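Student: One letter stands for each residue in the lines below.
Protein chains: 2
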Amino acid sequence: MKYKLTLEYDGTSFYGWQKQKDKYTVQGVIEECLEKIYGTPVKLVGQGRIDRGAHALAQTAHFVAPSKLLPVNIKKALNSLLPSEVRIIEVEEVDEGFHARYSAISRTYLYLVTPEEVPVFLRNYIFHYPYTLDVEKMKEASRYLLGEHDFTSFSQAGEERGKIRKILKLEIEEREKLILPWCEYPIKNVRFEIEANAFLRKMVRNIVGTLLEVGRGKILVSRVAEILEGKDRTLAGPAVPAHALFLLRVNY
Amino acid sequence: MKYKLTLEYDGTSFYGWQKQKDKYTVQGVIEECLEKIYGTPVKLVGQGRIDRGAHALAQTAHFVAPSKLLPVNIKKALNSLLPSEVRIIEVEEVDEGFHARYSAISRTYLYLVTPEEVPVFLRNYIFHYPYTLDVEKMKEASRYLLGEHDFTSFSQAGEERGKIRKILKLEIEEREKLILPWCEYPIKNVRFEIEANAFLRKMVRNIVGTLLEVGRGKILVSRVAEILEGKDRTLAGPAVPAHALFLLRVNY
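Sequence lines, in order, name chains A and B.
The letter at position 139 of the first sequence is residue 137 when you use our numbering, and the numbering goes up by one with no holes.
The letter at position 105 of the second sequence is residue 103 when you use our numbering, and the numbering goes up by one with no holes.
Source of the hints: derived by calculation from the structure; they are not laboratory data.
These numbers come from a predicted model, not from an experiment.
Glycine residues also receive a C-beta, built at the ideal position from the N, C-alpha and C atoms.
Don't take each hint at face value.
Claimed, not checked - Which chain B residues face chain A? A few, computed with CB under 7 Å, are given here:
hint : residue
1    : E6
2    : L80
3    : S82
4    : R85
5    : I86
6    : E88
7    : E91
8    : P117
9    : F119
10   : R121
11   : Y127
12   : Y129
13   : E182
14   : Y183
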């Protein structure tokens, strides 16, 4: 029996998604709970890594179960064992052919920026960037990034695999109110929503960091095309911090 | 020069308000910042302690400054040095006679309870109590507590000072929407707002814990009067956890 999990988590106190020895990771705690439920180690396969400090509103993963349990009971058992910063939203039985990572068509991330002072209770979810932003210029610059490109310039150092990805959507919206699934708060913000077939490590944060430099007039709109074509990771703007990054959904 | 501070903080990662050796406390970090600003140790006097894990929307404190600075500049300097989980809301110059603790007339606390599953991003701010509550019964029981009484039964073990306090207000309200200063979320909740001249340690949490037992029918309404009169701290219901407790304001 193969099961697909959909889960949300607050990444603040985790050392990222991916299991690592002696680190408190999301994959790690879920695997520990699965072992308690089934009495034997169970390997969990996520749709992909998520940066340390970033959050997930709908991370997906699958596992092959050593015995049969109703999805609703797996959900209940996991939620009763998991720490309160991770919640299983849904458990579904899936076909043997399903793979959390390889069956996924695309991923959508959200990034939140505000020029205003952030209330203490929202400090882990929005990036305070105290500059006036020209949103039209950022939108213009973002058009260069749409479609299939080699995103080496927006990748993380040391990553050796292929760097070609396809950005399907890149929306930038200015809002007077912050709207999150658990929160509405009147604070000016700029919201980036980016969908791609897959992402390189730190790719969203490098793209947002570069677009913010366009927005505040530090670099020209056309420079973004040059950065992309340069295929050199030293060209892009600095990565924005992970705490304002959310995995919104994974599309199958 | 004497200054009054009004500040908000998220108590999740603090070891409470009150300074303690080798512990991360709110008073401790603010005093460290004041020492950096003035170049000499400065003692901060709070209006009172706040339980470890509880939050403050408007904690107050005062300090005597070794040199003159504009209140607006003290605020800026402190906020640039403080960790993001504490924000100074206001700095005011006050008369020499002002005392954060002794000049305060009353304190108001908020406590939040929900029978529903709590989203991960709100887990540190509301208490999940999975029972149907009879709010009318809780209101009835709360009337015994109004006014001046010996609150020994609702105090913390080991506290030796006088136990007489005066509760000025005790409101219990059922809501369909959680409303916090930084958050609105559609989740059923019961909201306790308690004002007293001063509070004993754990007093709010012991009162709420006892009223919840009335609400779910575990103890009778009239039992609350007996608990109060018994002046015995083993009589009250269990204290509710600190993470859903907020200091709302201090009245001068």
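Student: Now tell me, hint by hint, if it's right for this structure.
Tutor: Against the structure, the hints come out as follows:
1. E6: 6 Å, holds
2. L80: 10 Å, violated
3. S82: Cβ of B/S82 sits 4 Å from chain A, so the hint holds.
4. R85: 5 Å, holds
5. I86: 11 Å, violated
6. E88: Violated. Min distance 13 Å.
7. E91: Status violated, d = 22 Å.
8. P117: At about 5 Å, which falls below the 7 Å cut-off, the nearest Cβ of chain A leaves the hint on B/P117 intact, so it holds.
9. F119: At about 4 Å, which falls below the 7 Å cut-off, the nearest Cβ of chain A leaves the hint on B/F119 intact, so it holds.
10. R121: 4 Å, holds
11. Y127: 14 Å, violated
12. Y129: 17 Å, violated
13. E182: 5 Å, holds
14. Y183: 5 Å, holds
Violated hints for the displayed structure, listed by number in ascending order: 2, 5, 6, 7, 11 and 12.
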